[in-house]
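Asks: Each chain, letter by letter, is given below.
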Amino acid sequence: MTDQDNSYRPQSPDFSTFHSPISPVPPSYPLAHRASYDASPFFTPQYQNQPPPPPPLSRVPQQYVPPPSFPDSDLDPDMARRSSRLARAAEVAPMAPMAPLPSMAPMAPLEPLPPMPPVAPMPEAKYIEPVMAEEPPKPMIPTAIEVRTKFPVARIKRIMQADEDVGKVAQVTPIAVSKALELFMISLVTKAAKEAKDRNSKRVTASHLKQAVVKDEVLDFLADIIAKVPDQPASRKHDDDGSDENAPPKRKRGGRRPKDESD
Amino acid sequence: MSDREFSSNDDLSLPKATVQKIITEILPPSSGQAFSKDARDLLMECCVEFITLISSEANEISEKEAKKTIACEHVERALNDLGFSDYIPDVLAVAEEHKEQLKSREKKQSKMEQSGLSEEELLRQQQELFRSATEKYHQGPE
Numbered sequence: 001m002t003d004q005d006n007s008y009r010p011q012s013p014d015f016s017t018f019h020s021p022i023s024p025v026p027p028s029y030p031l032a033h034r035a036s037y038d039a040s041p042f043f044t045p046q047y048q049n050q051p052p053p054p055p056p057l058s059r060v061p062q063q064y065v066p067p068p069s070f071p072d073s074d075l076d077p078d079m080a081r082r083s084s085r086l087a088r089a090a091e092v093a094p095m096a097p098m099a100p101l102p103s104m105a106p107m108a109p110l111e112p113l114p115p116m117p118p119v120a121p122m123p124e125a126k127y128i129e130p131v132m133a134e135e136p137p138k139p140m141i142p143t144a145i146e147v148r149t150k151f152p153v154a155r156i157k158r159i160m161q162a163d164e165d166v167g168k169v170a171q172v173t174p175i176a177v178s179k180a181l182e183l184f185m186i187s188l189v190t191k192a193a194k195e196a197k198d199r200n201s202k203r204v205t206a207s208h209l210k211q212a213v214v215k216d217e218v219l220d221f222l223a224d225i226i227a228k229v230p231d232q233p234a235s236r237k238h239d240d241d242g243s244d245e246n247a248p249p250k251r252k253r254g255g256r257r258p259k260d261e262s263d
Numbered sequence: 001m002s003d004r005e006f007s008s009n010d011d012l013s014l015p016k017a018t019v020q021k022i023i024t025e026i027l028p029p030s031s032g033q034a035f036s037k038d039a040r041d042l043l044m045e046c047c048v049e050f051i052t053l054i055s056s057e058a059n060e061i062s063e064k065e066a067k068k069t070i071a072c073e074h075v076e077r078a079l080n081d082l083g084f085s086d087y088i089p090d091v092l093a094v095a096e097e098h099k100e101q102l103k104s105r106e107k108k109q110s111k112m113e114q115s116g117l118s119e120e121e122l123l124r125q126q127q128e129l130f131r132s133a134t135e136k137y138h139q140g141p142e
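Those protein sequences? They're chains C and X, same order as listed.
For the first sequence, full-length UniProt numbering assigns the number 1 to the initial residue and increments by one for each residue that follows.
For the second sequence, full-length UniProt numbering assigns the number 1 to the initial residue and increments by one for each residue that follows.
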């Protein structure tokens, strides 16, 4: 249901532009019905926020084609299929041989366009993808998040060398650490976001982050830091800040908890 | 030393704007979730802690090998020892990419040397080009 809505969402403006050619079609025509259904403003507002996944466009034009000036509606889907085959075969101008049919004109740009621009050199291999798999962007599982913003490497090197024991650092090392940090951040943020979601909160707070850290053994080294975070979300007070501000620079070995090492 | 301790306070955390940007990339507005400021500040502290942890672990490893410089492989092993082995493939890929970039940069730098001409010779050629361009320019409009 939602899938369908999504897939049609980005299309709504297209339909409106195409409305005029359709209009001659009697309202009883089932496919025309659908088109107007999709274009109804009823759903539009909510879904506009969502990043439009490459919609299964190939399907849309097929439903679309029949209406205008075509008595033989059975022919058109056939044409569409054939034309897509042609597109694969000929790479360019799939409609050229079909030119005699005026109704194909609006469809021609629609079909090859979405897959073409990114794959101009070899459309054959990738052209099929959007047709078969409807949601290529879906595999955006948390671990596959790509972060384009990079940390300043110099800063990371300085943080590394703030530890007096750490001596020279190879040129690549801060870059490697920076990547590791990026992955670390992704995992922390997604975990905290999940905690928030489980509690029906739209705001990811420090205590959600704390919950995420507590759950993961690997993150034990953060126990020190999260200890000062209260479990309740209401943590507006900065009582601890005075003492904490002095603390971070003095900490040499972050991994150890004071409990373990207290003398 | 004392100088370092004072001035470092600010330098020793990550830039807020960058962290915020990355958070928004991970949790885009379309996800419907917002990351609060206190969570971000905490996250930043955690990040610094993470860097410190990795680098001190890598440092220990390199010291055991009697190496004076922390290399990528030490970071790799530190990640492994600390339970972040999932990160290793990506980290290595980035390190490799960087090495490739360095190589190509070196090549570019040595282009002048590869030309096999002395600096004077190159300068002379440049002057020659300038002169011919000037001549063409003066002749052109007529």
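Just so you know, the hints here were simulated from the structure itself, not pulled from any lab data.
Even glycine gets a Cβ: it sits at the ideal position worked out from N, Cα and C.
Be a bit skeptical, because a hint or two may be false.
With a Cα cut of at most 25 Å, we get these calculated PhoX-like pairs of lysine-lysine [unchecked claim]:
| no. | chain 1 | residue 1 | chain 2 | residue 2 |
| --- | --- | --- | --- | --- |
| 1 | X | 37 | C | 150 |
| 2 | C | 194 | C | 150 |
| 3 | C | 150 | X | 64 |
The calculated label-pair distances, taken between Cβ atoms and stated as ranges, are [claimed, not checked]:
| no. | chain 1 | residue 1 | chain 2 | residue 2 | range |
| --- | --- | --- | --- | --- | --- |
| 4 | X | 28 | C | 231 | 25 to 31 Å |
| 5 | X | 21 | C | 200 | 47 to 53 Å |
| 6 | X | 89 | C | 231 | 34 to 40 Å |
| 7 | X | 134 | C | 158 | 18 to 24 Å |
| 8 | X | 114 | C | 148 | 56 to 62 Å |
Asks: Each hint needs a verdict: does it hold in this structure or not?
Replies: Do the hints match the structure? See the list:
no.: 1; hint: 37(X) with 150(C); verdict: 20 Å, holds
no.: 2; hint: 194(C) with 150(C); verdict: 24 Å, holds
no.: 3; hint: 150(C) with 64(X); verdict: 31 Å, violated
no.: 4; hint: 28(X) with 231(C): 25 to 31 Å; verdict: 28 Å, holds
no.: 5; hint: 21(X) with 200(C): 47 to 53 Å; verdict: 27 Å, violated
no.: 6; hint: 89(X) with 231(C): 34 to 40 Å; verdict: 36 Å, holds
no.: 7; hint: 134(X) with 158(C): 18 to 24 Å; verdict: 51 Å, violated
no.: 8; hint: 114(X) with 148(C): 56 to 62 Å; verdict: 34 Å, violated
Taken one by one, the earlier hints fail for this structure at numbers 3, 5, 7, 8, listed in ascending order.
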